[in-house]
Each structure stands twice: as C-alpha cells, then as structure tokens.
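J.: Line by line, the protein sequences are chains A and B.
Oh and the first sequence: position 226 is 226 in this note's numbering, straight run, nothing missing.
Oh and the second sequence: position 226 is 226 in this note's numbering, straight run, nothing missing.
For the record, the hints were derived by calculation from the structure and aren't laboratory data.
One copy or any two copies: either way a pair holds, since identical chains are not told apart in the list.
Here are the simulated DSSO-like cross-link-like pairs (lysine-lysine), alpha carbons at most 27 Å apart as the crow flies:
1) Lys482 with Lys420
2) Lys485 with Lys450
3) Lys420 with Lys263
4) Lys450 with Lys482
5) Lys485 with Lys466
There are 2 protein chains.
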Amino acid sequence: MEALYFTRMSTKMTAVLLLLQLSSHFDSGSCGKVLVWSTEFSHWINMKVILEELTQRGHEVTVLKPSVSLFVDGDKSSAIKFESFPLSISGKYLENLKRKSISVLVYEMPKQPFWKYYSMFQEVMGQYSDVLENICRDAVLNKRLMAKLQESSFDVILSDAFFPCGELLAEILQKPFVYTFRFSPGNTIEKYSGGFLFPPSYVPIIFSELSDQMTFIERVKNLLYMIYFDFWFELLNEKKWNQFYSEILGEDTKIEDLYTMAKADFWLIRTYWDLEFPRPSLPNVDFVGGLHCRPAKPLPKEMEDFVQSSGENGVVVFSLGSIVGTLNEERANVIASALAQIPQKVLWRFDGKKPDTLGSNTRLYKWIPQGDLLGHPKTKAFITHGGTNGIYEAIYHGIPMIGIPLFVDQLDNISHLKIKGAAIRLDFNTMSSTDLLEALNEVIKDPSYKENVLRLSRIHHDQPVKPLDRAVFWIEFVMRHKGAKHLRVAAHDLSWFQYYSLDVVGFLFTCVATVILIVTKCCMLYCQKFAKTGKKKKGE
Amino acid sequence: MEALYFTRMSTKMTAVLLLLQLSSHFDSGSCGKVLVWSTEFSHWINMKVILEELTQRGHEVTVLKPSVSLFVDGDKSSAIKFESFPLSISGKYLENLKRKSISVLVYEMPKQPFWKYYSMFQEVMGQYSDVLENICRDAVLNKRLMAKLQESSFDVILSDAFFPCGELLAEILQKPFVYTFRFSPGNTIEKYSGGFLFPPSYVPIIFSELSDQMTFIERVKNLLYMIYFDFWFELLNEKKWNQFYSEILGEDTKIEDLYTMAKADFWLIRTYWDLEFPRPSLPNVDFVGGLHCRPAKPLPKEMEDFVQSSGENGVVVFSLGSIVGTLNEERANVIASALAQIPQKVLWRFDGKKPDTLGSNTRLYKWIPQGDLLGHPKTKAFITHGGTNGIYEAIYHGIPMIGIPLFVDQLDNISHLKIKGAAIRLDFNTMSSTDLLEALNEVIKDPSYKENVLRLSRIHHDQPVKPLDRAVFWIEFVMRHKGAKHLRVAAHDLSWFQYYSLDVVGFLFTCVATVILIVTKCCMLYCQKFAKTGKKKKGE
Numbered sequence: 001m002e003a004l005y006f007t008r009m010s011t012k013m014t015a016v017l018l019l020l021q022l023s024s025h026f027d028s029g030s031c032g033k034v035l036v037w038s039t040e041f042s043h044w045i046n047m048k049v050i051l052e053e054l055t056q057r058g059h060e061v062t063v064l065k066p067s068v069s070l071f072v073d074g075d076k077s078s079a080i081k082f083e084s085f086p087l088s089i090s091g092k093y094l095e096n097l098k099r100k101s102i103s104v105l106v107y108e109m110p111k112q113p114f115w116k117y118y119s120m121f122q123e124v125m126g127q128y129s130d131v132l133e134n135i136c137r138d139a140v141l142n143k144r145l146m147a148k149l150q151e152s153s154f155d156v157i158l159s160d161a162f163f164p165c166g167e168l169l170a171e172i173l174q175k176p177f178v179y180t181f182r183f184s185p186g187n188t189i190e191k192y193s194g195g196f197l198f199p200p201s202y203v204p205i206i207f208s209e210l211s212d213q214m215t216f217i218e219r220v221k222n223l224l225y226m227i228y229f230d231f232w233f234e235l236l237n238e239k240k241w242n243q244f245y246s247e248i249l250g251e252d253t254k255i256e257d258l259y260t261m262a263k264a265d266f267w268l269i270r271t272y273w274d275l276e277f278p279r280p281s282l283p284n285v286d287f288v289g290g291l292h293c294r295p296a297k298p299l300p301k302e303m304e305d306f307v308q309s310s311g312e313n314g315v316v317v318f319s320l321g322s323i324v325g326t327l328n329e330e331r332a333n334v335i336a337s338a339l340a341q342i343p344q345k346v347l348w349r350f351d352g353k354k355p356d357t358l359g360s361n362t363r364l365y366k367w368i369p370q371g372d373l374l375g376h377p378k379t380k381a382f383i384t385h386g387g388t389n390g391i392y393e394a395i396y397h398g399i400p401m402i403g404i405p406l407f408v409d410q411l412d413n414i415s416h417l418k419i420k421g422a423a424i425r426l427d428f429n430t431m432s433s434t435d436l437l438e439a440l441n442e443v444i445k446d447p448s449y450k451e452n453v454l455r456l457s458r459i460h461h462d463q464p465v466k467p468l469d470r471a472v473f474w475i476e477f478v479m480r481h482k483g484a485k486h487l488r489v490a491a492h493d494l495s496w497f498q499y500y501s502l503d504v505v506g507f508l509f510t511c512v513a514t515v516i517l518i519v520t521k522c523c524m525l526y527c528q529k530f531a532k533t534g535k536k537k538k539g540e
Numbered sequence: 001m002e003a004l005y006f007t008r009m010s011t012k013m014t015a016v017l018l019l020l021q022l023s024s025h026f027d028s029g030s031c032g033k034v035l036v037w038s039t040e041f042s043h044w045i046n047m048k049v050i051l052e053e054l055t056q057r058g059h060e061v062t063v064l065k066p067s068v069s070l071f072v073d074g075d076k077s078s079a080i081k082f083e084s085f086p087l088s089i090s091g092k093y094l095e096n097l098k099r100k101s102i103s104v105l106v107y108e109m110p111k112q113p114f115w116k117y118y119s120m121f122q123e124v125m126g127q128y129s130d131v132l133e134n135i136c137r138d139a140v141l142n143k144r145l146m147a148k149l150q151e152s153s154f155d156v157i158l159s160d161a162f163f164p165c166g167e168l169l170a171e172i173l174q175k176p177f178v179y180t181f182r183f184s185p186g187n188t189i190e191k192y193s194g195g196f197l198f199p200p201s202y203v204p205i206i207f208s209e210l211s212d213q214m215t216f217i218e219r220v221k222n223l224l225y226m227i228y229f230d231f232w233f234e235l236l237n238e239k240k241w242n243q244f245y246s247e248i249l250g251e252d253t254k255i256e257d258l259y260t261m262a263k264a265d266f267w268l269i270r271t272y273w274d275l276e277f278p279r280p281s282l283p284n285v286d287f288v289g290g291l292h293c294r295p296a297k298p299l300p301k302e303m304e305d306f307v308q309s310s311g312e313n314g315v316v317v318f319s320l321g322s323i324v325g326t327l328n329e330e331r332a333n334v335i336a337s338a339l340a341q342i343p344q345k346v347l348w349r350f351d352g353k354k355p356d357t358l359g360s361n362t363r364l365y366k367w368i369p370q371g372d373l374l375g376h377p378k379t380k381a382f383i384t385h386g387g388t389n390g391i392y393e394a395i396y397h398g399i400p401m402i403g404i405p406l407f408v409d410q411l412d413n414i415s416h417l418k419i420k421g422a423a424i425r426l427d428f429n430t431m432s433s434t435d436l437l438e439a440l441n442e443v444i445k446d447p448s449y450k451e452n453v454l455r456l457s458r459i460h461h462d463q464p465v466k467p468l469d470r471a472v473f474w475i476e477f478v479m480r481h482k483g484a485k486h487l488r489v490a491a492h493d494l495s496w497f498q499y500y501s502l503d504v505v506g507f508l509f510t511c512v513a514t515v516i517l518i519v520t521k522c523c524m525l526y527c528q529k530f531a532k533t534g535k536k537k538k539g540e
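Could you put the whole structure together from the sequences, leaning on the hints where they help?
T.: What follows is the structure, given as structure tokens:
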C-alpha cells in the first residue's frame with residue numbers, strides 16, 4: 001500500500017514537473033519590454049489605456065515620442081516611459097495644420113459635391129501623410145536613437161496602422177509586432193490583412209455609410225467606393241511611402257508588404273459586433289472595441305449637484321470630442337437655442353465664446369468626465385460627433401445618442417448606430433434648432449432608442465473575456481511566443497491570381513480544351529478518311 | 001458635506017441598479033433547457049463532455065436518443081436526461097453495418113485506385129446516410145414525441161452537423177440552435193457557413209491531406225478535390241435529404257439552406273490552430289478543439305505498476321480508437337513483433353486474439369484511460385489512428401505520435417501533425433515490423449518530435465479562455481439572447497453571383513461599354529459628316 005502511495009506521489013510529482021515544463025513557456029506572469037510607436041488624437045487616448053494596463057501588469061513600456069506632439073503625454077503617476085527624439089517640424093506648424101484641416105473637414109468639405117469633397121479630403125490626408133513621413137524619417141535616421149533601440153532588445157513593437165512607421169521599425173529591429181487599429185479610408189489597409197475579407201456585396205466599406213443589407217444600387221456604390229479608395233491608396237503610397245521605405249530598407253519595398261499579416265503578428269481592431277456588421281476575419285485578428293470603458297466613478301461635487309438638480313427629467317451630455325474644441329458662432333447659437341428648450345439639464349463640452357442663446361439649463365465645460373457622466377443614472381441622452389471612443393462609452397452604459405458626425409469614421413459610426421436603432425443622425429452644417437430639438441425629444445421619449453442601445457450594451461458586455469484583457473493577452477502572447485506565426489494565413493505568399501486560383505482554373509481549362517480539340521480533330525480526320533474511302537469505293 | 005455624501009450614495013446606488021438592469025439580461029448564472037440531437041462514435045464522446053459541463057452548471061439537458069444506438073449512453077452519476085424514441089432499424093443491422101463498413105474502410109478501400117476508392121467511400125457514406133435519414137424520420141414523424149418537445153419549450157437545440165436532423169428539429173420547433181462540428185468530406189458543409197472561407201489556393205480541404213503551403217500541382221489537386229466533393233454533396237442531398245426535408249416542412253427545402261449560418265446561431269468547431277492551418281472564419285464560429293482534455297488522473301494500480309516497471313525507458317501507448325477494436329491476425333502480428341523489439345513497455349488497447357509475436361514488454365487492454373496515460377510522465381510516444389479526440393489528448397500532454405490513419409479525417413489529422421513535425425506517418429496496410437520499429441526509435445530518440453509537439457501544446461494551452469468554457473459560454477449566450485443574430489453575416493441573403501458582385505460588375509461593364517459605344521458612334525458620325533463636307537467642298 002505504501003509502495004503504491006509513493007509510486008502515485010512520484011507519478012503526480014513528475015506530472016506536475018511536466019506541467020511546469022509546459023507552463024514555463026507560457027507563464028502569463030513573466031514581464032517583457034514593449035516599444036510603442038506613438039499615435040495622435042483619439043488613437044493615443046485609446047492606446048494609452050492598453051499601455052497603462054501593460055505597465056500595471058509589470059511590463060516595461062517605452063513610447064517613441066517626437067519632441068513636438070499634440071496629444072502624446074503621460075500622467076505623472078504613470079509608469080510609461082517616453083523616449084523623445086527631435087522633430088524637424090515645429091509645434092506651431094502642427095497646431096496650424098490641425099486648425100486648418102478641422103476647418104476644411106468640418107465646414108468646407110460638406111458643402112462640396114462628391115468629387116470635390118474627396119479631392120479636398122485627399123489633400124488634407126496628404127498633408128498629414130507628409131508630417132507622418134517626416135516624423136518617421138526623423139526617428140529611423142536618428143542613429144543615436146536607433147542604436148539605443150537596438151541595444152534595448154524589446155520583446156514586441158506596438159503601433160497603430162493608421163500612423164505608419166511601426167512596421168518599418170519592426171522590420172529594422174527584427175521584432176514581432178502588434179497593431180492596434182480602428183480603420184483606414186475604404187478599409188484599404190485592412191484588406192492587406194489577407195484575402196477576400198471585405199466582399200463588397202455585403203461588407204459596407206468605411207466611408208460608404210451603408211449597412212450590410214444593400215440594394216443593387218448601394219452595392220454598386222460600395223464597389224465604386226472600394227475601387228476609388230484602392231486607387232487612392234496606391235497613388236498615395238506610390239509617391240511617398242514606397243519610395244521612403246525602399247530608401248530606408250535599401251531594397252524595393254511596398255508599404256503594403258509590411259502592412260500584411262505576413263509581417264504583423266496580431267491585429268487588435270477597436271470595434272466589435274455591437275457596432276460593426278459581421279464580416280469574415282482571420283485567426284490573428286481580435287475585435288476589442290470599447291477596451292477603454294469602465295464602470296462610472298463619482299462626479300466632481302459641482303457637476304454632481306448640477307446633475308441632481310435636473311430631477312426626474314435627467315440630463316443630456318454633449319461633446320464634439322477632443323479635436324474640435326470651438327464651433328463657429330452661428331452653429332453654436334443654433335445648438336444652444338435648441339438645448340435651451342428641453343426640460344433636461346445639459347452638460348456641454350465647449351471651449352469658445354459663450355453662445356448668446358444659451359439657456360439657464362445648459363452649462364459649458366472645457367472638459368467633462370465623459371464616461372462617468374454617461375454612466376450616471378440621470379443621463380438620458382448623449383449628443384456626440386460619433387468618435388469611436390465616445391460611442392463605445394455610450395454603448396457600454398446604454399445611453400441613446402444623437403449623432404452629429406463631423407469627419408472620417410464618425411459618419412459611418414453614426415450610420416451604423418442609426419441603422420441599429422440606437423441613434424438619430426443630424427447634419428452639422430444644415431441642422432436647425434428645431435431639428436435638434438425634435439431629435440432630442442424623440443430619442444428621450446421614444447423607448448425604442450433606449451431598448452436598442454441596451455441590446456447593443458448587452459452584446460458588448462456579454463463576451464467570454466473583456467476587450468482590454470484580450471488586447472493585453474495577445475500582446476503578452478506575442479511576447480511569450482516571439483510572434484504568432486501559427487495564426488497567420490498562407491495567403492500572403494500568393495500573388496492575387498494565385499490567391500483566386502486563376503492559374504489553376506486556366507490550366508484546367510487548357511487541359512479540357514486540349515482534350516476537346518484532340519477528340520474533335522480525331523473525329524474530323526476519321527470522318528474525312530471515311531468520306532474519302534466512301535468516294536473511292538463509289539469511284540471503283 | 002452630509003448632503004453630498006447622500007447624493008453620492010444615491011447616485012452610486014442608482015448606478016448599481018442600472019448595472020443590475022443591464023446584467024440581468026446576461027446573467028451567466030441563469031439556467032436553461034437544452035435539447036440535443038444525439039450523435040454516434042467519437043462525436044458522442046466529445047459532445048458528452050459539453051453536456052456534462054452544462055448539467056454541472058445547472059442546465060437541464062435532454063438527449064433525443066433512438067431506441068437502438070451504438071454509443072449514446074449516460075453514466076449512472078450523470079444528470080443528462082434521455083428521451084428515447086422507437087427506431088425502425090434493428091440493433092443487429094446497425095452492428096452489421098458498422099462491422100462491414102470498418103472492414104471496407106480499413107482493409108479494402110486503401111487497396112483501390114483513386115476513383116474506385118472514392119466510389120466505395122461514397123457507398124459506405126450512402127449507407128450511413130440512409131440510416132441517419134431513418135432515425136430522423138422516426139423522430140420527426142413521431143407525433144407523441146414532437147408534441148412533448150413542443151411543450152417542453154427548450155431554450156436551445158444542440159447537434160452535430162455531421163449527423164443531420166438537428167437543423168430540421170430547430171426549424172420545426174422554431175428554436176435557436178448551435179452546432180458542434182469536426183468536419184464534412186471536402187468541407188462541403190463548412191462552406192455553407194457563408195462565403196469564400198476556404199480559398200482552395202491556401203486552405204487545404206479535408207481529405208486532400210495537403211498543407212497550407214501548396215505547389216502548383218497540389219493547388220490543382222486541392223481544387224479538383226473541392227469540385228469533386230461539392231458535386232458529390234449535391235448528388236447525395238438531391239436524392240435524399242432535400243426530398244425528405246421538403247416532405248417534412250411542406251415546402252421546397254434544400255438541406256444546405258438549413259446548414260447555413262443564416263439558420264445556425266453558432267458553430268463550435270472541434271479543432272484549433274495547433275492542429276489546423278489558419279484560414280478565414282466568421283464571428284459566429286469558435287474553434288474549441290481539445291475541449292475534452294483535462295489534467296491526468298492517477299492510473300489503476302496494476303497499470304501504474306506496469307508503467308513504473310519501465311524504468312528510464314518509459315512507455316509507449318497504443319490505440320486505434322473506439323471504433324476499431326480488432327485487427328486481422330497478420331497486421332496484429334506485424335505490429336506486435338515490432339513492439340517486442342523496443343526497450344519501452346507498451347500498453348496496447350486491443351480486443352482480439354492475442355498475437356503470436358507479442359513480446360513480454362507489451363500488455364493488451366480492452367480499454368485504457370488514454371488521456372491519463374498520455375499525461376503520465378513515463379509516456380514517450382503514442383501510436384494512434386489519428387482520431388481527433390486522441391491526438392488532442394497527445395497535444396494537450398505534449399506526446400509525440402506515430403500515426404497509422406485508417407479512415408476519414410484521421411488521414412488529414414496525421415498529415416497535419418507530420419507537416420508540423422510532431423508525428424511520423426505509417427500506412428496501416430503496407431507497413432512492415434521494421435517500418436514501425438524505425439518510426440518508434442526515431443520518434444523517441446530524435447528530440448525534434450518532442451520539441452514540436454511541445455510547441456503545439458504551448459499554443460493549445462495558451463488561449464484566453466479554455467475550449468470547454470468557450471463552448472459552454474456560447475451555448476449559454478444563445479440561450480440568454482435567444483440566438484446570436486448580431487454575429488451572422490448577411491452573405492446568406494445573396495445568390496452566388498450577387499455574393500461575388502458579378503451583377504454589379506456586369507452592370508458597370510455595360511455602362512462603360514455603352515459610353516464607349518456612344519462616343520465611338522458620335523466620333524464616326526462626326527468623321528463621316530466631316531468627310532462628306534470635305535468632298536462636297538472639293539466638288540464645289
């Protein structure tokens with residue numbers, strides 16, 4: 001009996017040792033070094049949440065940050081390190097570009113016809129692209145910086161595919177890398193992730209503002225948009241990024257070769273099937289939309305008092321996001337006069353001259369704790385520009401929306417929410433006070449908006465693992481395994497005609513045609529011979 | 001101060017209430033009623049694991065079981081309920097079919113040339129298909145049974161897409177349903193899940209035994225296999241299932257319409273990227289391969305003593321699965337004589353006449369605790385037929401394999417493991433004792449096999465949520481939300497030419513052609529007019 005006991009114990013212990021041997025390779029507690037190519041605007045706000053979580057789990061996070069930046073900064077309490085490098089562009093130039101481009105995107109572009117609209121958009125994007133190339137060039141040609149990065153032996157590089165350079169750094173430093181990504185115009189970059197994942201027949205591409213249920217004409221529109229953006233992407237890269245990447249790497253390089261999943265180990269897409277329409281995807285892509293959302297914290301005293309003073313009517317939260325601070329006077333007055341007529345109290349994030357029509361029920365704030373306000377039980381509606389971060393906070397807390405989209409993905413975000421019955425959409429430049437007032441009354445009084453956004457909220461909350469935990473898991477996975485090769489499709493090794501099996505189909509057709517030809521020839525020869533023999537016989 | 005405290009408290013409490021309101025809709029603790037369409041063979045062994053877990057979490061699980069069955073049974077301790085219905089086929093007939101079909105699949109088919117091989121396979125599958133139709137017919141035409149099921153108001157129906165009928169039941173009872181699935185010949189059923197998810201250029205279809213890295217000729221083979229199985233599937237269904245389903249539902253129905261994801265709410269695929277090559281997938285598909293695996297338990301005393309007696313050399317585990325119990329004498333002797341020559345002790349699951357060449361190092365068992373043996377630290381190698389359940393246990397515990405595949409998916413399973421460097425493949429009918437002996441020595445002595453299978457094991461273990469937990473999560477999700485509509489692609493509403501945008505491309509070509517035609521016509525008319533005017537002028 002004793003012998004058996006020891007035998008079993010030793011068996012168990014060896015089993016434990018084997019498990020330890022296995023688990024040592026994927027111990028989630030081990031810490032790594034993460035290099036981050038910095039992003040800007042709301043992209044940085046979102047990425048910072050991942051970085052903070054990584055540092056809290058003991059990882060060392062270093063953000064490569066140009067000496068001049070609009071958004072990138074760490075809190076004093078944060079453990080995120082910043083590696084700064086000098087930039088050849090002045091802060092004043094960047095501020096000017098931001099101000100001018102917002103003016104074009106918000107006020108000028110919407111008044112233009114289709115082609116002019118997109119040529120103006122192309123121009124703005126081209127200017128940003130120039131800046132991004134400059135930043136990237138200043139980093140990778142900085143010998144001291146690059147030598148330091150080489151020495152630091154990072155475990156993974158993290159970047160946003162919207163801001164090129166991360167993939168170039170990964171190529172130079174020969175490190176595994178992970179993308180965090182919201183979108184590219186027309187989903188051009190996403191398509192390089194490998195294959196027929198955006199069939200234009202039922203996957204509405206971004207900027208088309210369509211749903212997954214398209215009429216024939218809408219499918220024509222979707223395909224034309226796809227072709228247009230593909231062409232534009234090629235044009236933009238051909239001129240600039242391909243040349244630049246080739247120059248740096250010393251060999252003929254196309255940026256799309258670095259975008260493909262053959263290079264990126266994992267893609268963290270900042271949406272989910274609550275907001276997006278379902279589409280095919282690949283094993284090294286995960287949808288982590290709303291990763292920055294968390295339960296609401298208590299509000300500052302003054303704000304809480306104001307919110308409580310709304311009584312049964314509750315409050316409306318209004319923000320046009322972190323980029324657009326000021327509005328022109330005319331638009332501000334149109335909005336303020338509508339807000340003045342509702343029984344709710346309004347908290348408006350606004351940084352400009354106080355509108356003349358502002359009602360006593362509306363308070364202006366240069367900054368609001370948006371997530372906490374949306375999670376407040378008194379909040380009845382959210383007036384939003386439709387930025388992805390903001391609408392995910394509204395979905396998380398189940399607050400119906402009025403969308404006043406301004407540019408880029410905001411138009412599609414609001415379209416999707418409108419189609420799903422969780423928002424009303426208004427046009428920023430043409431809406432009147434009455435339009436906004438009617439929309440507010442409808443969203444607050446018609447229970448369907450609340451029901452629909454609660455449905456999206458349930459979908460959002462009901463996932464096997466929370467989005468932020470999944471994002472961190474996959475970054476840690478790539479560090480632990482030095483990549484995620486087993487998740488990458490082999491599509492990247494194929495040319496487009498091989499991918500669609502056109503060479504194989506061509507070969508099979510040739511085979512069939514050859515057989516038919518030979519059989520026909522033989523038949524004809526036989527018939528001719530038969531005819532000749534017949535004639536001969538007749539002649540005899 | 002006190003007022004603020006209470007205000008904050010009330011805010012917090014209302015926030016908690018809102019969260020409760022949200023969470024009540026997705027409380028994972030609530031219990032539901034699951035109806036299961038029973039499966040057979042290893043499919044049942046795997047499904048039973050999910051069902052046991054569901055009962056342990058408090059759900060009521062009812063398995064629809066024909067009065068005669070080969071595998072379906074519950075343990076005495078199990079809380080799974082069985083709803084039996086009379087079957088018009090005898091147990092003897094089923095046993096005979098099983099014996100005969102195994103003889104054809106294992107001994108006769110491999111000797112045949114390609115076309116004969118598949119026509120024999122088609123014949124066997126056709127016989128099973130007849131039996132399955134009979135079982136399905138006996139269930140759905142049993143009025144008492146169907147009335148009872150209608151009354152029972154189940155929350156979800158679970159079935160294996162390999163054994164048709166679950167989708168028909170879901171259609172009749174109008175309930176959400178979930179598939180658990182390993183494969184269909186040529187991946188024909190999986191393709192109905194919605195779209196271009198199996199591009200034959202880099203996704204090797206099952207039965208092709210190819211990898212994701214294919215030469216041109218291999219891609220030709222893969223495409224031909226795909227066409228062949230598509231054709232076969234159409235033929236099989238046209239004759240039988242389409243007619244039967246149309247008869248039952250009273251309207252023209254194609255079985256593939258019920259297979260599509262437009263009907264199934266979720267698909268639980270019993271593989272993962274450790275075994276499979278990565279390929280596109282859809283949001284309502286999850287890969288839960290190895291869900292039945294668990295840490296090893298201690299062995300029975302006699303077995304543990306035998307294992308321990310192997311000393312440093314360790315043991316080899318040998319099983320050809322739950323279906324094939326006996327081998328013919330010649331094959332059994334070839335195997336036994338090879339096993340007799342290795343220094344390891346061997347535990348062989350074998351139910352037949354003891355082979356004459358059996359060595360003293362080999363013990364025969366009618367049944368072995370396979371998972372526990374593979375998890376034993378003394379186990380050096382696993383000789384397997386390559387059934388999915390068995391190889392997942394070997395991957396889970398990191399044991400290199402010698403694959404002797406017999407039929408269906410076993411050939412591809414072993415091919416995949418061979419390509420990934422974790423197994424050696426032998427041919428059951430032609431291998432000699434020397435072949436088996438050399439393979440055993442190589443797998444045990446060459447460390448690369450162990451390293452490769454440990455790599456697969458690390459991939460298998462390193463997932464955000466364990467496969468069984470994910471499987472149960474999604475079944476519970478479908479119960480909580482009465483389906484999973486938000487995860488279903490809109491591809492199902494399109495015809496194939498709409499899906500590939502052929503109508504749109506055709507329309508755009510017509511537009512372009514019309515414009516070219518009009519412009520050309522105008523130019524020609526203008527030239528003609530110009531020429532005439534010129535002549536006139538000359539004439540003047």
